[in-house]
Structure formats: structure tokens, C-alpha cells
Amino acid sequence: MKITSLIGGGLVTAALAACSASQLFFPLPSADSDNIQEHLEYLASDALAGRKTGSAGYRLAADYVAEQFAALGLESISGADYLQPVSFREASWGERPATFELRGRDGDITFELGKDFIAAPPTTSEQAAVSAGLVFVGYGIDAPAYRLDDYAGLDVKGKIVVALQGRPARLPSEVGAHYASGRTKRSTAARHGAIGFIALNTPESEARRPFARSAAHLQDPRFDWLRADNTSGNAIPGMRMSARLDMPAAKQLFVGAPRSLDTVFLEMRNGVTPKGFPLPYSASLTSSARHQTIISPNVVGLLPGSDPKLKDEYVVFSAHLDHIGREKGKDGDRINNGAQDNAAGIAVMLEVARLFKASGRAPRRSILFVAVTAEEEGLLGSDYFAQHPPVPPRSIVANINLDMPMLLYPFRDVIAFGAEHSSLGKTAAHAADRVGLKLSPDPMPEQVIFVRSDHYSFVRQGIPAIYLITGREALDRDIDGTAAQVEFLKSRYHRPGDEADSQVNYVAARQFAEVNYAIAREVTDGDKKPRWNRGDFFGELYARPR
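For the record, in the sequence shown the residue sitting at position 174 is 174 according to this note's numbering, with numbers rising by one throughout.
A portion of the hints provided could be inaccurate.
Below, in silico cross-link-like pairs of lysine-lysine (PhoX-like), each with a Cα-Cα straight-line distance of 25 angstroms or less [to be verified]: (1) 157 with 251; (2) 115 with 251; (3) 529 with 357; (4) 309 with 357; (5) 438 with 528; (6) 275 with 251; (7) 328 with 115; (8) 528 with 357; (9) 311 with 357.
Honestly, the hints are just simulated from the structure, not real lab data.
All chains should be built: construct the whole structure from the sequences, respecting the hints.
Next up, the structure:
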């Protein structure tokens with residue numbers, strides 16, 4: 001990450017030159033760990049039953065955050081109750097779950113749902129069907145800036161495309177994650193005229209996330225937010241249905257084709273980027289779903305700015321309020337309490353809001369404190385908010401996001417995912433230095449976290465954003481921060497063990513609130529609004545129209 005070059009002796013000098021006097025000398029208040037603990041313990045309590053989107057437990061959590069906003073004196077901008085209602089369509093399997101039939105010259109093959117292929121209940125309609133010829137499109141990526149076009153020379157209009165999971169190694173990790181995402185690949189296929197999409201695991205993607213692990217979630221409902229006309233917010237025009245095949249079924253598609261799937265994999269191991277070709281089959285996919293509409297609100301509190309020229313610019317400080325509810329079919333404790341994920345983020349956000357109010361000095365820019373819903377369903381609550389903000393969209397100048405901060409031990413450093421993409425990186429580095437911390441580079445770039453949390457919903461609207469967690473350098477030299485975080489992810493993440501118990505370190509919570517306040521204060525009080533770095537891929541990809 002480019003931010004590594006900012007950590008060192010030249011950091012303070014460069015930051016001092018770039019920052020206004022108002023940024024440099026504001027007093028740094030002390031956070032109250034008791035406040036954070038009170039918020040966290042309530043939000044992660046069994047009474048809220050895991051805060052599943054649309055559940056009674058989630059509504060209790062939303063009402064609690066709204067009450068805290070009111071007690072702090074924040075203004076309600078979305079109504080008297082601080083709530084921004086979001087309508088979601090929940091799709092579960094209908095009377096006839098998905099079917100997949102492969103048709104060729106030698107007869108038809110019927111694939112079995114859950115064994116040979118998986119699909120999700122459609123959110124666009126209660127009945128879905130597609131029948132067309134198949135075309136293999138390699139990775140299914142069209143990236144002009146990287147001279148990569150897997151559709152070159154192929155006619156996929158009215159066809160079902162078959163694409164490998166993942167991306168070529170030559171694409172940078174975060175750029176590659178954008179192009180490798182299912183959303184981008186399906187949108188690209190539809191733009192080229194395809195009406196269906198079939199994803200195939202490679203040996204590498206199968207090792208990372210086996211087909212069987214995904215098949216275990218076959219019965220999970222699917223969510224999407226609804227537009228005013230009751231259509232799905234993330235529907236891709238022209239794309240009727242998609243599915244994913246297990247490896248043995250996938251190989252069947254290539255029998256009689258110019259190259260077998262095993263040959264494609266062998267060429268890939270030898271460094272050859274796979275090229276597409278028509279497959280000697282057609283396929284028919286059908287599905288049905290039962291739809292119900294649920295309401296699950298975002299919670300929004302406004303702290304107005306004080307500067308006559310800057311108060312109409314808004315910084316969004318966000319954290320997701322939902323979690324994954326109860327585990328099914330297991331004895332004992334089945335509640336996924338979500339203490340770190342993300343009661344901790346909400347608790348810290350509330351404390352940061354209190355610090356702003358307690359400072360007696362309003363920020364120059366306005367702040368929207370937003371607890372978003374449906375993050376666990378695919379960043380849906382933040383996606384809705386970013387597309388339907390209660391202020392003019394172009395007035396939002398930055399997003400600071402908190403998600404699963406992992407408050408496990410007192411720390412020496414923080415990590416800001418996305419720091420290298422915009423001026424927020426320098427701001428975060430300077431603010432961290434002011435509170436006695438340092439900004440460290442992403443320790444797990446292979447996880448491409450930048451595109452996997454709520455801040456990315458704002459990035460997609462052209463808004464510079466960062467997402468903060470604690471770093472891996474513990475104050476206590478005897479604590480291995482990397483091992484502690486990895487152990488949490490292995491044993492507690494998305495499990496009933498993520499509780500408000502001794503795993504939560506409230507010294508770390510206080511540190512984390514203070515560094516987030518310092519960052520937010522610099523962003524809100526700076527003379528210049530945050531900006532994308534020159535030539536940044538995401539800044540150019542999602543550039544706002546002038």
C-alpha cells in the first residue's frame with residue numbers, strides 16, 4: 001500500500017504543511033470506556049437475538065441507537081424518530097426450486113440442486129427461466145485499462161455465458177477484486193447481451209471456498225432492497241438467472257468442446273490466460289421463489305456543521321447495526337450476538353458522537369452518524385443509503401466506516417482500508433500520530449477488504465472512504481496481535497462465541513474511539529474536502545459527473 005511511505009520521519013512535517021490551523025490544534029478529548037461498554041453489552045445481549053435484518057431484535061437495536069442519538073442532541077433528518085425505513089424483498093425457495101438441464105446432441109443431462117449446482121431464490125420475480133446456448137468466456141472480464149477483454153471475438157447475445165471464478169494474476173488485488181466480483185461479471189455479461197450466467201470454480205477457488213461450503217447455505221433466503229416501483233434495487237437488466245456448478249458437472253459442459261476444462265486448467269497453471277469459445281450444449285434453468293416484504297431501518301443522526309461555507313458538506317460516519325441472528329439446528333447457545341461484529345463499531349460510533357458534542361465545538365462540516373442495516377445480507381442498507389441519502393448526494397464528501405474493529409488488546413497501530421486511494425490516507429496517518437498511534441498497511445491484502453464492507457457502497461457513488469480496524473501491534477510486547485486476530489476470526493467470527501465477554505478489551509475501545517474522533521475532526525474541519533488520488537482506479541471508475 002502506498003500509505004507505508006507516509007509512516008516515518010517525514011509524516012508530521014508533510015501533514016503539518018497540508019493541514020489547516022483548525023485541524024492542528026483542536027484539543028483531543030478522552031473517551032469513556034464505560035459508555036462504550038454499556039452500549040456494546042446491550043447491543044450484543046441475548047435479548048436482541050443476534051439483530052437479524054428485519055427481526056424484532058434488530059428493531060430493538062435500532063430504537064436504542066435512535067434513543068442515544070436523541071439523548072446526545074443529534075438532529076433527526078429522516079423524521080422524528082431518526083429512522084430511515086428501507087423496504088427489502090426476502091426471497092426463499094418456492095414450490096419448485098431451481099432446475100438445471102444440459103442439452104446436447106447425445107441427449108439431455110439433469111443436474112441436481114445442491115449436489116451438482118447451486119443457485120439463489122430470485123428476488124426479481126417469483127418465476128425465473130432461461131434457455132439458451134452456452135459460450136465459455138474465460139474469466140468473463142472486460143477491463144480496457146488492463147488490455148483484457150474476455151469477450152473479444154465472441155457472440156454472447158441471447159446466450160448463457162460460462163465463466164471461471166477469480167481473475168488473472170496480473171490484475172492488482174483490489175482492482176482484480178472489483179472485476180472478479182459476481183456483480184461485475186454478471187453486469188459485464190449482460191452488457192454484452194448475455195441473458196444467463198454460470199460460474200465455475202477453478203482449482204484455486206475451490207481450495208479457498210469449496211462448493212460444498214456454499215451448498216450448505218442453499219436454503220438461506222436472499223435479500224434485496226426495493227425501489228419505489230417495487231423492483232429490486234440490484235437487478236441487472238437483461239440478466240434472467242445465474243448458477244454455479246460443482247467441478248464434475250462443470251467438466252461435462254466441455255465434453256466435445258475445442259478444449260476440455262482440465263486442459264484449460266493446465267494452460268492456466270502454465271501462465272496462459274484462458275480464452276473463450278462456444279460450447280456444444282444449450283442449457284435450461286428455471287426457478288421459483290416466495291417473496292415477502294420486510295422493513296428494516298437505517299438510523300440517522302445529524303450533527304450540523306458551524307462553518308457558513310462548509311456546513312452544507314457532509315461527512316458520513318457509519319457502522320452496521322445488523323448481525324446474523326440465530327444458528328439453525330444446533331443445541332445449546334444458538335444466538336450469534338455479534339459483539340465485535342458489529343456492536344463494537346456502533347458503540348464506538350456513539351462515543352465519537354458524544355465526544356463531538358462534549359467538545360463544545362461543532363465541526364465545520366456537518367456529520368451524519370448512520371447505523372446501517374442489512375450489511376450481512378450484502379451491504380444492502382448502506383447501498384440504499386448511499387443511493388437515497390437524506391441530503392443532496394453530491395454534498396456527501398467522505399465516509400468513515402467502522403466494522404468489526406476487533407477490540408482484543410491495547411494497540412500501537414491502526415489499519416485504514418482504502419487509505420491509499422484518497423487524501424483520507426494522509427488524514428488518517430496524521431490523526432493517528434496525534435493520538436500516539438501509527439497507521440499500518442493492510443496486513444491481509446489477499447482478503448481485499450476494501451471492497452467488502454459498507455464503505456464500498458459510498459465508493460461506488462464516487463465518495464472517498466476508509467474503513468478502520470485496530471492494528472496488529474499490541475502495546476504489550478508479549479501479545480501477538482496477529483495471532484489474536486486470526487484466532488478471533490477462526491473461533492468466534494460469525495459464531496455464538498462473539499459475545500460481550502472478556503474477549504472485549506475496553507482500553508482498546510477507548511483508544512479506538514479517540515483515534516476515530518481525531519480522524520473525523522480533521523476531515524470535518526479541514527479547509528479542503530477529501531479527494532481521490534490522481535489516477536486512482538476507483539476514483540476514476542466511479543467518478544461523479546461534473
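Which numbered hints fail: none
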